[in-house]
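Participant: Listed in order, the protein sequences are those of chains A and B. Each number in my numbering corresponds to the 1-based position in the first sequence with 69 added. Each number in my numbering corresponds to the 1-based position in the second sequence with 50 added.
Some hints could be false.
[Stated by the list, open to error] Calculated lysine-lysine pairs in the DSS-like style (CA-CA distance at most 25 Å, straight line): (1) B:208 with A:164; (2) B:198 with A:148; (3) B:208 with B:231; (4) B:234 with B:208; (5) A:164 with B:121.
[As the list claims (entries may be wrong)] Here are some, though not all, of the chain B residues that point toward chain A, as calculated from beta-carbon distances under 10 Å: (6) 66; (7) 81; (8) 83; (9) 86; (10) 98; (11) 116; (12) 131; (13) 135; (14) 138; (15) 175; (16) 194; (17) 203.
For the record, the hints were derived by calculation from the structure and aren't laboratory data. Fair warning: this is a prediction, and the values are worked out from it, not measured in the lab. Backbone N, C-alpha and C fix where the C-beta goes; we use that ideal spot for every residue, glycine too.
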Amino acid sequence: MKYVRYKEIEKNFFMDTPIQIEERLWDYIDGLSSPAERSAIEVLITENIEWQNKYKELLHVHQMMDAAELAAPSMRFTKNVMEEIARLHVAPATKTYINKNIIRTIGAFFLTMIAGFLVFCLGQFKWSGSGSSSSFLPRYDLNLDTKMKEFNWSKLFNSGYTNIFMLVLVILGLVMLDMYLQRRKQQHLEAQGNKEA
Amino acid sequence: MLQPGLTDTELISKILQGEQSFFAQLVERYQNYVFTLVLRFTDSREDAEEISQDIFVKAYRSLADFRGESKFSTWLYTIVRTSCITFLRKKKLDITSIDNERTFLQLENRESGFTANSIEQKSRHAMVNEAIRLLSPDDAQLITLFYKGEQSLEEIGKVMGLEANTVKVKLHRARHRLKEKMEKYFSHEVREIQGD
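The following block holds chain B by itself, in its conformation from the complex (with noise of 0.2 Å):
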């Protein structure tokens, strides 16, 4: 995820001395961790690419708040957060808590979108993909974190006002629950992998 160059620490200082343009490497190295974790928020990668570039417009505009107490996509994580929040609640959507499942008739929509694409020429890392966003907003911010975000269970729940070991719960239920939906609709591609 990260590309060789200065530290993020370093380009944030820079940034805050008025060297504005290095904060196109900060975009460039975070954009795709900021963009798949809003995707767990919204369906729609249009509504997805808005909110991420609000997000980094947000994280320019703070920037001097970032005290580097912690990693910097830690940070950046919270922005995540409340943007998406704030974005479904503008929207409109239930979001009394982002814990559930999302709704029946979404689940439904993509079940017959799945049946309709052919699995069979997607990727595994497609597959993937496409079982997490099987999983509720918050599952699969979880396990988006814990694997691509590089955060330890401790950042997690820092940024999630969780303990460690909630989060650690939180994950194997999470991942239990992404286990399920991988043998519910992709169980030919996971025998397959499995029988490699």
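Pulled out of the complex, with its shape left as it was, chain A reads as follows (with noise of 0.2 Å):
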């Protein structure tokens, strides 16, 4: 019976290659394995020399790592890092001094600068939707170095998109500043209270 369920398993593992192996008996080594693997591992190191073998090298070179010591620093170690700590403060964690407003206003701030650019780009395709049969797909010219030399340039600054583009920028701006200096006089206000106190 045992020899049966042994010639089992090793049909199952006979494919495996000596990197496959020694993967699947680190895996037993590090208590990885599932119950079935386990217990066929089992089987092959009692069973089969040459799983017998490569267990007990990978096992001499797990028990060797594991008893290797971790290197030590000098003596005044210790000393020197609490003299160095000595006249340092804990610093205020991170969650306490930034806040996620303005994290997702910078954020809005960038998606606004990219929208304003992809929809300016696209303005400037020269959209020539002829309702062709033969495509669904509006014309467009991609002849963008002709376009470039062709554009007008102070053009630019006078048209819609820019104008709304530059205005969202603009309150984008105002509000971040607003924020910027509610946060000082914040922080003035609470330092003035504690030298009173």
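Take each chain as given, in its own frame, and dock them per the hints.
Facilitator: Right, dumping it as structure tokens:
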């Protein structure tokens, strides 16, 4: 019965390359194998000389690494660190001074910039939806080099897109400035309160 | 590695309450771990000590950011890794891929060092440490984290930005390379150990 089980397992693991055998054995040693794999490997270690030798070899390496000692710094190390930190204070946690609203406003600022740029670029294409039956997609002229030469830059700051885009940017800028000034004011008031206390 | 007494979380909460002296206990507890990890990046003990000291100072400064969601050693390792990379950048060493093995020249120097020393007199621990030092910094750190840092594959993956399964594969490869190095440079000792 035991022999039949062994033959069955050996058949399943027969195609294993030496690397795969090693991987299976490392998993077994680290306790990462599934229960089914574990019992199969146990049988192979007992019955198959190749698996047995490889297992012994890896187990030695594992034991040696497990027993290896950590390197130690000089005797004065702790003292040096303590002397160094004596004049320092623990910094406040990052989450206390990073305001999520500021991050969101900055994100909105960049998204608006990207969106504005995309709208402006798309506005430069000559969309000629001729309604031809050959294609559902509008035809556009991709000869950008020629278009850039033809482009009248003086019109840029008079276009509706640019004006709206600039307006949004100015509003966002003012919001950010307001948030910054509010924060400064709050910090100033807190500092005054602490002094009075 | 860990000493009895207050837990890491208890020590940290005392330090955050202003009792700075408790930080010495944390340093005592993790100095060997940090120093060994740093030594995987640099060969110089002086440099390693300087970087390790800097790591503990940084850890103290940002202790309020430790939220206790992971082990303190896991959090500390993130500082170790960034500090070591910064140090190597400052030194203008080639760190474009820390996955690559150290340069041939470094290996050659080490090999000549081994023959000059009488390896027979070295303990098994020293032999393993020497073999680990022959690996790439990433392989060496991975092995140190797994065996000495008491870190699970998931925890290592978290700090290295990798999937646990990728860490497992990397660990397999690192151990395979370590075994090769041991067979190449310490075959006599390995045979002796296996014959025990």
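Participant: Does the closest beta carbon of chain A sit nearer than 10 Å to the beta carbon of residue 81 (chain B)?
Facilitator: holds (6 Å)
Participant: At a threshold of 10 Å, is the proposed contact between residue 194 (chain B) and chain A supported by beta-carbon distances?
Facilitator: holds (8 Å)
Participant: Against chain A, is residue 83 (chain B) within 10 Å by beta-carbon distance?
Facilitator: Residue 83 (chain B) check passes; min Cβ-Cβ to chain A is 6 Å, inside 10 Å.
Participant: Assess, step by step, whether the Cα of residue 234 (chain B) is no farther than 25 Å from the Cα of residue 208 (chain B), and give holds or violated.
Facilitator: Distance of about 33 Å is beyond 25 Å: violated.
Participant: So if I understand the rule, the pair passes when the alpha-carbon distance is 25 Å or less; does residue 198 (chain B) with residue 148 (chain A) pass?
Facilitator: Holds, because 24 Å separates the two Cα atoms, which is no more than 25 Å.
Participant: What's the verdict on residue 164 (chain A) and residue 121 (chain B), does the C-alpha distance respect the 25 Å limit or exceed it?
Facilitator: With Cα atoms ~20 Å apart, residue 164 (chain A) and residue 121 (chain B) stay inside 25 Å; holds.
Participant: Per the CB criterion, is residue 86 (chain B) less than 10 Å away from chain A?
Facilitator: holds (4 Å)
Participant: Quick one, is the residue 66 (chain B) hint okay against chain A at 10 Å, beta carbons?
Facilitator: Where the cut-off is 10 Å and the nearest Cβ of chain A is about 6 Å from residue 66 (chain B), the hint holds.
Participant: Using 10 Å as the Cβ threshold, decide whether residue 131 (chain B) counts as touching chain A.
Facilitator: This interface hint is violated because 17 Å lies over the 10 Å limit.
Participant: So, residue 116 (chain B) near chain A? Judge it on the closest CB pair being under 10 Å.
Facilitator: The hint holds - residue 116 (chain B) has a Cβ within 10 Å of chain A, the shortest such distance being about 9 Å.
Participant: Using 10 Å as the Cβ threshold, decide whether residue 175 (chain B) counts as touching chain A.
Facilitator: Check passed: Cβ of residue 175 (chain B) comes within 5 Å of chain A, closer than 10 Å.
Participant: Regarding the pair residue 208 (chain B) and residue 164 (chain A), is the alpha-carbon distance no greater than 25 Å?
Facilitator: holds (20 Å)
Violated hints for the displayed structure, listed by number in ascending order: 3, 4, 12, 13, 14.
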